[in-house]
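Protein chains in written order, with my numbering: chain A, 47 to 382; chain B, 1067 to 1311.
Because the hints were derived from the structure by calculation, they are not lab data. It is possible that part of the hints are untrue.
Just a sample of chain B residues kept apart from chain A, beta carbon distances all over 12 angstroms, derived [stated by the list, open to error]:
{"hint": "1", "residue": "1086"}
{"hint": "2", "residue": "1105"}
{"hint": "3", "residue": "1127"}
{"hint": "4", "residue": "1130"}
{"hint": "5", "residue": "1149"}
{"hint": "6", "residue": "1176"}
{"hint": "7", "residue": "1286"}
Examples of chain A residues toward chain B, derived with CB under 7 angstroms [to be verified]:
{"hint": "8", "residue": "87"}
{"hint": "9", "residue": "235"}
{"hint": "10", "residue": "240"}
{"hint": "11", "residue": "242"}
{"hint": "12", "residue": "251"}
{"hint": "13", "residue": "253"}
{"hint": "14", "residue": "257"}
{"hint": "15", "residue": "260"}
Residues from chain B that keep clear of chain A, each with C-beta distances beyond 10 angstroms, as calculated [as the list claims (entries may be wrong)]:
{"hint": "16", "residue": "1103"}
{"hint": "17", "residue": "1148"}
{"hint": "18", "residue": "1154"}
{"hint": "19", "residue": "1175"}
{"hint": "20", "residue": "1201"}
{"hint": "21", "residue": "1215"}
{"hint": "22", "residue": "1245"}
{"hint": "23", "residue": "1252"}
{"hint": "24", "residue": "1271"}
These numbers were taken from a predicted model, which means no experiment stands behind them. Idealized CB from N, CA, C, for every residue including glycine.
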Amino acid sequence: MTDLAVPGKSAAVVWFTGRRAALGLALLALALLPLWMPGSYYVNIASQILFYAVFALAIDVLLGYGGLVSLGHAGVFGITCYTVAVALGAGYGHVAAILLGIGVTLAGMAVYAVVALRATGIGFLMITLALGQILWGLAYRWISVTNGDNGLSLASRPAPFGLSLASANAFYYATLVVFLLSLALAAVFVHSPFGAALRGTRDQPARMNALGFNVFLVRFLACLFSGLLTALAGILFVYYNQFISPQALALTASAEVVLMVISGGAGTLLGPIVGAALVVIMKNVASAYIVRWNFLLGAIFVAIVVFVPEGLVPGSVRLWRWARRPRGKSGGKAAP
Amino acid sequence: MTALAVRDLEKSFGGLRVTRAVNLAVAPGERRLIIGPNGAGKTTLFNLICGEFRPDGGSISLFGAELTGLASRRRAHMGLSRTYQIITLFPKDTLLRNVVLSLLGLDKRRWNPLIRLDAQHDLVDKARAALARVDLAHLAMRPLSETSYGERRRVEIAMALAQSPRLLMLDEPFAGLSIDERRDVQKLLAGIPRDVTIVMIEHDMDVALEFAERISVMHFGEIVVEGTRAEVVNHPRTKEIYLGD
Chain A
47 MTDLAVPGKS AAVVWFTGRR AALGLALLAL ALLPLWMPGS YYVNIASQIL FYAVFALAID
107 VLLGYGGLVS LGHAGVFGIT CYTVAVALGA GYGHVAAILL GIGVTLAGMA VYAVVALRAT
167 GIGFLMITLA LGQILWGLAY RWISVTNGDN GLSLASRPAP FGLSLASANA FYYATLVVFL
227 LSLALAAVFV HSPFGAALRG TRDQPARMNA LGFNVFLVRF LACLFSGLLT ALAGILFVYY
287 NQFISPQALA LTASAEVVLM VISGGAGTLL GPIVGAALVV IMKNVASAYI VRWNFLLGAI
347 FVAIVVFVPE GLVPGSVRLW RWARRPRGKS GGKAAP
Chain B
1067 MTALAVRDLE KSFGGLRVTR AVNLAVAPGE RRLIIGPNGA GKTTLFNLIC GEFRPDGGSI
1127 SLFGAELTGL ASRRRAHMGL SRTYQIITLF PKDTLLRNVV LSLLGLDKRR WNPLIRLDAQ
1187 HDLVDKARAA LARVDLAHLA MRPLSETSYG ERRRVEIAMA LAQSPRLLML DEPFAGLSID
1247 ERRDVQKLLA GIPRDVTIVM IEHDMDVALE FAERISVMHF GEIVVEGTRA EVVNHPRTKE
1307 IYLGD
């Protein structure tokens, strides 16, 4: 197999030699996590990290690989959550509710994409922000369906193959399966010819058009894939909380996931996962010890922007290479 | 049948008429040079032919097939490839990946999200062959950002040739090149087979006049002189445009 990427620079996903061993160890650690965590509280936090990582991957497909910054994705996420909650409330089973959630989200994402893709850059960002606010407004004001500010509750979690997901451990394993599936899907997607086309439209859209690519359609289909990942994250979120309210669709929720991607490293697969872990841990763990945890989170983001502007994962790779560079005897400068 | 037929092509930007009833007929296999002072409308004409601008009037056809109004991506699928005056490539990628992207543009696999691009050996082999054609096979795995300006010009040409075009549009392919690099590109262009028709804009008269069989001189959006090298060079209007009264 020929690696077409820039040698040594595409390895942000797994950034050291023996990456298969590292991947195996990571999988083992994730599989055994409930055994070595001190309690169900931390297992629940791990579940949150995993479904936010799926959500961040959805954003990363557009932001990192497509160059499209969406500030309304929490609205799309909310479509899934409300569809599942409303379907369950209407008496549908879990399978039907989940399928409806995915279907309605993809339909909603198609409309969202057609409207938002009329522009790129700052225009795309502003349109998605507006669409996100419209969806938030609907969740807030369409009281007959969404119950407004009071939100909707779910009576139970599903029990696939007779296995109840009521406990923290069981839900964690279900989340882990969906996370790994989403990560595998994203990995296949970004390394495919279509993924290459998407990156091309990010870097040189006019050139891609001249080469024979339908830039709009490439971006539209990427939005649908992002919508699929968003729907998967939304399903996990709504079952985890067994509750959905307009707060989940707010602008801050969209911005938070964009920050996860940017802080971890846009355009990498590991970056959004690291970013999701950072934000979720800060929100849930650091906030228990530090009252002004938002201040700390902000300081961390500032530090990331200053020291590793490309994000924690690619930035760590760069710093690691810099530390391992060949040095001369006297000055410590790189050898020629 | 003409390879490229442009009839009464008009384009204005606001009150400025950039092309005025331009007519052009390029025969299959011909090497046509379009010259003219800065601001004559040469690049606008290129962008109209390639579909990056929509004309206000007139028509364009490629081997008898109507192109007017078609998106540039459709023109690529009909056999029209181009290079840019300002190099427009993918600097984060290797040379090989740049050319693979070019091949992918005309390949149905570009829509496939389930296969690995690296594993498409036929595309990779074709891309390597295209790079070998421009003497860059040895740099295939080098990031584009680590190559010289002249090498990038050759990558642009490799990407265009990789698409096996029927009409190749070259927008100032010698711009910014050193004497040695010009010689390399000149040799490369001379080696392109006759089943590819070439239309070129160029300011370097020494290399361009040697390359072209027929020349069109543009001035203020119009083609004012057209003919063989000798006819154009000796035409009083050409002298007037380039040397003044």
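Okay, the hints, checked on the actual structure:
1. Remark: the non-interface label on residue 1086/B is consistent with the geometry, its nearest Cβ contact in chain A lying 25 angstroms away (cut-off 12 angstroms).
2. At roughly 22 angstroms, the least C-beta separation between residue 1105/B and chain A is larger than 12 angstroms, which holds for a residue marked as non-interface.
3. Against chain A, the non-interface label of residue 1127/B holds: every CB pair exceeds 12 angstroms, the least being about 19 angstroms.
4. In this structure residue 1130/B is separated from chain A by more than 12 angstroms, as the shortest Cβ-Cβ distance comes to about 21 angstroms.
5. Remark: the non-interface label on residue 1149/B conflicts with the geometry, its nearest Cβ contact in chain A lying 10 angstroms away (cut-off 12 angstroms).
6. With a cut of 12 angstroms on Cβ distances, residue 1176/B falls inside the contact zone with chain A, its closest approach being about 5 angstroms.
7. For residue 1286/B, the requirement that its beta carbon stay farther than 12 angstroms from each beta carbon of chain A is met, with the minimum near 27 angstroms.
8. Annotation: residue 87/A was flagged as interfacial toward chain B, and the flag is violated, the nearest CB pair being 38 angstroms apart, outside 7 angstroms.
9. Given the 7 angstroms rule on beta carbons, the hint for residue 235/A holds: about 5 angstroms separates it from the nearest Cβ of chain B.
10. For the restraint placing residue 240/A at the interface with chain B, the shortest Cβ-Cβ distance is roughly 4 angstroms, inside the 7 angstroms limit, so the hint holds.
11. Against a cut-off of 7 angstroms between C-beta atoms, the interface hint on residue 242/A holds, since the closest Cβ of chain B lies about 5 angstroms away.
12. Interface restraint check: residue 251/A against chain B, minimum CB-CB distance 10 angstroms, threshold 7 angstroms, status violated.
13. Of the supplied interface hints, the one on residue 253/A holds, with its beta-carbon coming within about 5 angstroms of a beta-carbon of chain B, less than 7 angstroms.
14. Interface restraint check for residue 257/A: the shortest CB-CB distance to chain B comes to about 3 angstroms, inside 7 angstroms, so the restraint holds.
15. With 7 angstroms as the threshold, the beta carbon of residue 260/A comes within range of chain B, its nearest partner Cβ sitting at about 6 angstroms, so the hint holds.
16. Under the 10 angstroms C-beta cut-off, the non-interface status given to residue 1103/B relative to chain A holds; the minimum distance is some 26 angstroms.
17. Remark: the non-interface label on residue 1148/B conflicts with the geometry, its nearest Cβ contact in chain A lying 6 angstroms away (cut-off 10 angstroms).
18. At the 10 angstroms boundary, the C-beta of residue 1154/B falls inside the reach of chain A, the nearest C-beta of that chain being 5 angstroms off.
19. Here residue 1175/B does not stay apart from chain A, with its beta-carbon only about 5 angstroms from theirs, under the 10 angstroms limit.
20. Residue placement check: residue 1201/B keeps its beta carbon more than 10 angstroms from all beta carbons of chain A (closest about 20 angstroms).
21. Distance to chain A confirms residue 1215/B as a non-interface residue, since its nearest Cβ pair spans about 17 angstroms, more than 10 angstroms.
22. Look at residue 1245/B: its CB is around 28 angstroms from the nearest CB on chain A, clear of 10 angstroms, so calling it non-interface holds up.
23. At roughly 24 angstroms from the closest C-beta of chain A, the C-beta of residue 1252/B stays outside 10 angstroms, upholding its exclusion from the interface.
24. Here residue 1271/B stays apart from chain A, with its beta-carbon at least about 27 angstroms from theirs, past the 10 angstroms limit.
Hint violations for this structure: numbers 5, 6, 8, 12, 17, 18 and 19, all remaining hints satisfied.
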